[in-house]
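Use the sequences and the hints to build the structure in full.
Line order of the protein sequences matches chains A and B.
Numbering that gives the first Met the number 0 applies: residue 0 is where the first sequence begins, and numbers increase by one.
Numbering that gives the first Met the number 0 applies: residue 0 is where the second sequence begins, and numbers increase by one.
Worth flagging that the hints you see were computed from the coordinates, not collected in a lab.
By construction, the Cβ of each residue, glycine as well, lies at the ideal position given by its N, Cα and C atoms.
Keep in mind that the hints are not guaranteed to be accurate.
[Stated by the list, open to error] In silico DMTMM-like links for lysine to aspartate or glutamate, alpha-carbon gap of 25 Å or less:
1. 281/B - 264/A
2. 403/B - 197/A
3. 207/A - 385/B
4. 233/B - 245/A
5. 111/A - 382/B
6. 233/B - 203/A
7. 269/A - 274/B
8. 246/A - 224/A
9. 233/B - 194/A
10. 233/B - 259/A
11. 233/B - 277/A
12. 111/A - 385/B
13. 289/B - 128/B
[As the list claims (entries may be wrong)] Label-pair restraints from in silico Cβ distances:
14. 271/B - 114/A: 34 to 42 Å
15. 156/B - 165/A: 56 to 64 Å
16. 73/B - 171/A: 56 to 64 Å
[Claimed, not checked] Short derived list, chain A residues pointing at chain B, Cβ under 7 Å:
17. 200
18. 261
19. 264
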Amino acid sequence: MDGLLFSDLTVWSMDWTLLILLVVPTVVHGNPTVTVRTGSGPPVGSNQHPNSVPLSEDTQTTTEVREVVVEEVMMTGMLNPSHYPARRAATVVQHYLNTRYGSPYRWIFLSKVHSGSAEDVAEMRKYQLELTMQEIISNVSGQCSAELLFPGGEGQSAPQVQASCEGLLQSNTTAQEEAFYQQHRASNNMVSGNDIPDSYGHMEPNMKPFWHLGGVASSFIMLRESNESTLYNMAQVANFTQLETEKDQLRVNYHVLLHEMISQEIIHWKLLVTWSPEQGVQVLQTELQPKCHNCEAPPNTTN
Amino acid sequence: MMKGLLVLTVLFVAIFGKETFEGDKVLRITAKNEVQLTLLKDLAEMEHLQLDVWMEPIDLSTPVDIRVPFTSLQTVKAFLETEDIPYSVMIMDLQVMLDEEKEQRLSAARATEPRTTDDYNYTNYHNGDEIYSFQDMLVAENPKLVSKIVIGQSYEGRPLNVLKFSTGGTNRRGIWINTGIHSREWITQASGTWFAKKIVTDYGHDATLTAILDNMDIFLEIVTNPDGYNYSHKTNRMWRKTRKPNPGSSCVGTDPNRNWDAGFGTAGSSGNPCDQTYRGPKAHSESEVKSIVDFVKSHGNLKAFIDIHSYSQRLMYPYGYTATPCNDQRELHDLARKAITGLASLYGTSFRYGSVMTTIYRASGISIDWSYNQGIKYSYTFELRDTGRYGFILPANQIIPTAKEAWLALMAIMEHTKDNTN
Numbered sequence: 000m001d002g003l004l005f006s007d008l009t010v011w012s013m014d015w016t017l018l019i020l021l022v023v024p025t026v027v028h029g030n031p032t033v034t035v036r037t038g039s040g041p042p043v044g045s046n047q048h049p050n051s052v053p054l055s056e057d058t059q060t061t062t063e064v065r066e067v068v069v070e071e072v073m074m075t076g077m078l079n080p081s082h083y084p085a086r087r088a089a090t091v092v093q094h095y096l097n098t099r100y101g102s103p104y105r106w107i108f109l110s111k112v113h114s115g116s117a118e119d120v121a122e123m124r125k126y127q128l129e130l131t132m133q134e135i136i137s138n139v140s141g142q143c144s145a146e147l148l149f150p151g152g153e154g155q156s157a158p159q160v161q162a163s164c165e166g167l168l169q170s171n172t173t174a175q176e177e178a179f180y181q182q183h184r185a186s187n188n189m190v191s192g193n194d195i196p197d198s199y200g201h202m203e204p205n206m207k208p209f210w211h212l213g214g215v216a217s218s219f220i221m222l223r224e225s226n227e228s229t230l231y232n233m234a235q236v237a238n239f240t241q242l243e244t245e246k247d248q249l250r251v252n253y254h255v256l257l258h259e260m261i262s263q264e265i266i267h268w269k270l271l272v273t274w275s276p277e278q279g280v281q282v283l284q285t286e287l288q289p290k291c292h293n294c295e296a297p298p299n300t301t302n
Numbered sequence: 000m001m002k003g004l005l006v007l008t009v010l011f012v013a014i015f016g017k018e019t020f021e022g023d024k025v026l027r028i029t030a031k032n033e034v035q036l037t038l039l040k041d042l043a044e045m046e047h048l049q050l051d052v053w054m055e056p057i058d059l060s061t062p063v064d065i066r067v068p069f070t071s072l073q074t075v076k077a078f079l080e081t082e083d084i085p086y087s088v089m090i091m092d093l094q095v096m097l098d099e100e101k102e103q104r105l106s107a108a109r110a111t112e113p114r115t116t117d118d119y120n121y122t123n124y125h126n127g128d129e130i131y132s133f134q135d136m137l138v139a140e141n142p143k144l145v146s147k148i149v150i151g152q153s154y155e156g157r158p159l160n161v162l163k164f165s166t167g168g169t170n171r172r173g174i175w176i177n178t179g180i181h182s183r184e185w186i187t188q189a190s191g192t193w194f195a196k197k198i199v200t201d202y203g204h205d206a207t208l209t210a211i212l213d214n215m216d217i218f219l220e221i222v223t224n225p226d227g228y229n230y231s232h233k234t235n236r237m238w239r240k241t242r243k244p245n246p247g248s249s250c251v252g253t254d255p256n257r258n259w260d261a262g263f264g265t266a267g268s269s270g271n272p273c274d275q276t277y278r279g280p281k282a283h284s285e286s287e288v289k290s291i292v293d294f295v296k297s298h299g300n301l302k303a304f305i306d307i308h309s310y311s312q313r314l315m316y317p318y319g320y321t322a323t324p325c326n327d328q329r330e331l332h333d334l335a336r337k338a339i340t341g342l343a344s345l346y347g348t349s350f351r352y353g354s355v356m357t358t359i360y361r362a363s364g365i366s367i368d369w370s371y372n373q374g375i376k377y378s379y380t381f382e383l384r385d386t387g388r389y390g391f392i393l394p395a396n397q398i399i400p401t402a403k404e405a406w407l408a409l410m411a412i413m414e415h416t417k418d419n420t421n
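Right under this line is the structure:
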């Protein structure tokens, strides 16, 4: 187990390791991974190549593959900004900022993680991050400080985020938002669209704000569904349909595809979204769609 | 239609007569009476004016179209005005119009089928057949430098094509590059196509690339998962895996980058055929993977193995299946830093780098862990643009910038490989 402790530290860049060992007491805990191998690691024996994994990791031999639930060793203390724990937490902050500030003309993405730390607080995991976020329509960047709490235990509750940013929301979107709002609120023509962007990354200009709005609305789901083992992104707006304006809110039904990076799954969600310049984006309903069945044609079906 | 015929006539004339129609105008003249009509016929016969009648003076109801060479314009206009014969300018500058039409024809031709790798459209995504045609054209155009090796067949029977770039020698040290192992990552197959053309363009012109190819061979498999790629065009843009059915399941396909014999079956892949990271029934069960394994083993002299994916802008080295650092971590880390610095120099695109395990996630049975354990030290995996805004559906206008910047990183790795192996 100590071997695992040291190796986890050594995967950070060498420069940091000594500094951290001296300055910051780091505690790595959690259940170390239990891996059961089929014996399919690097070749053992006289023709073992010098590059391969040291023998000590490979002395377990078993002929059967057992599914073992692995709990990743959770980093605590200073986080390496290039490594995934900080990156995943930072992406959660991105989703949070979009739920608070996003609109058809404001869509925020993580630009850079500067520093971060993590610690256990009661049953929960608390992160602190220094980030640069970018509003990608106006290309304005801002520095953000954020704190996140991932709930522990078996609960499915959403992470809690607090963030304050400087300079991020500089762009003046009022005119564009107002124009878009007026254009669509009293519309006799309910707008709809599908495959935004299309397979080639293309979309018509008048679809763009609906794409942004879909991304922002998806952030509500992505925020709620996030934990330390997920990394969400909106992959595509499968389709959207505008509904009658109600209570001065534009209303749109969306079917979005979310990409979850760790499992690599494409997850389908339907959502009912409202928006106005005053009220911002709200998500009234969400519905997880079953895994796409016609994406998995049985062998005897012709394509 | 008429205009087209006339244009062809003009071109025909151009071959035997003038070479250019710069400044020439085509005038449409409407005679008001018989006298004027006769005058026009006489005008047309004046040889020194070199008028080219497109539509003959027949009767009063039909206008007369005449191409007037630039040098005769003043004379003709003066004549028409003096005689009070109405006319209008039908074509302001014939050469300009011909140039525009030629450009339109070329781009229409490009949109249908390119005949050479020079009129292949690198700024758009192509399907598997088009990429395979490109490969054959590239070989045909560069027979001394490029050959095609078929290393196996996909599950659905498509050939698995590898382009070999070689300036000779016998079993020289080799560099392996593959794109498109995950079919939905379209930017990678598109970049691979661009890399292939780049190699033949730069050999003999770029000193570094020339030195690399004078000493080593490059093997490039552009469509590593052709069944998946076809499926992503026809049915499901987000398809990642192979298309081999799984017995006892309605779910199709294995993740070809969890199917390699390196930590196979351990955490970081799934045992469920319905999952995107399904590892398959056993290591190398997928022919798309086994074919590469067999090729690499029988070659025996590969020194670099580069597996290209998208998205998230990362350059990573082994391992994915374990947190234990690989023995060459220091060197691979430094080289990665150098490579992504080169990449960033072009457009400022920033890539993160590190081992697979620490940078992205635990992943077992991945290609570069296997190749590294085979003794191929310079084993790297790329994740190209972007970081999530478009994700897998990167706009086509980013293909060339993405390929160009990635090429700089590849060159850094290839050059280092050449200088540090034997």
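Structure-based check of each hint:
Restraint check: the Cα-Cα separation between residue 281/B and residue 264/A comes to about 22 Å, which is no more than 25 Å; the hinted pair holds. Proximity of residue 403/B to residue 197/A is assessed by CA-CA distance (about 24 Å); at most 25 Å being required, the pair is judged to hold. For the proposed pair residue 207/A and residue 385/B, the alpha carbon gap of about 18 Å is at most 25 Å, so the pair holds. Using a Cα cut-off of 25 Å, the hinted pair residue 233/B and residue 245/A is violated, with the two alpha carbons roughly 39 Å apart.
As the CA atoms of residue 111/A and residue 382/B are separated by approximately 17 Å, the hinted pair is consistent with the 25 Å bound. Of the pairs offered as hints, the one joining residue 233/B and residue 203/A holds, with about 22 Å between alpha carbons and a cut-off of 25 Å not exceeded. Simply put, residue 269/A and residue 274/B have alpha-carbon atoms about 21 Å apart, close enough for the 25 Å limit, and the pair holds. The suggested pairing of residue 246/A with residue 224/A is violated, with an alpha-carbon distance near 29 Å, which exceeds 25 Å.
A hinted pair counts as satisfied when its Cα atoms are at most 25 Å apart, and residue 233/B with residue 194/A qualifies at roughly 14 Å. Restraint check for residue 233/B and residue 259/A: satisfied, since their Cα atoms lie roughly 23 Å apart, inside the 25 Å limit. Restraint check for residue 233/B and residue 277/A: the C-alpha separation of about 43 Å exceeds 25 Å, so the hint is violated. At roughly 14 Å between alpha-carbon atoms, residue 111/A and residue 385/B fall within 25 Å of each other, so this suggested pair holds.
As the CA atoms of residue 289/B and residue 128/B are separated by approximately 23 Å, the hinted pair is consistent with the 25 Å bound. Between residue 271/B and residue 114/A the beta carbon distance is about 37 Å. The supplied range of 34 to 42 Å therefore holds. The hinted window of 56 to 64 Å between residue 156/B and residue 165/A holds, with their beta carbons roughly 58 Å apart. Distance hint for residue 73/B and residue 171/A: a CB-CB separation of about 58 Å, consistent with the stated range 56 to 64 Å.
The interface hint given for residue 200/A holds, since its Cβ lies 3 Å from the closest Cβ of chain B, which is under the 7 Å cut-off. Checking residue 261/A against chain B: minimum C-beta separation of about 5 Å stays under 7 Å; hint holds. At its closest, the beta carbon of residue 264/A sits 5 Å from a beta carbon of chain B; the interface hint therefore holds under the 7 Å criterion.
Going through the hint list in order, the structure does not satisfy hints 4, 8 and 11.
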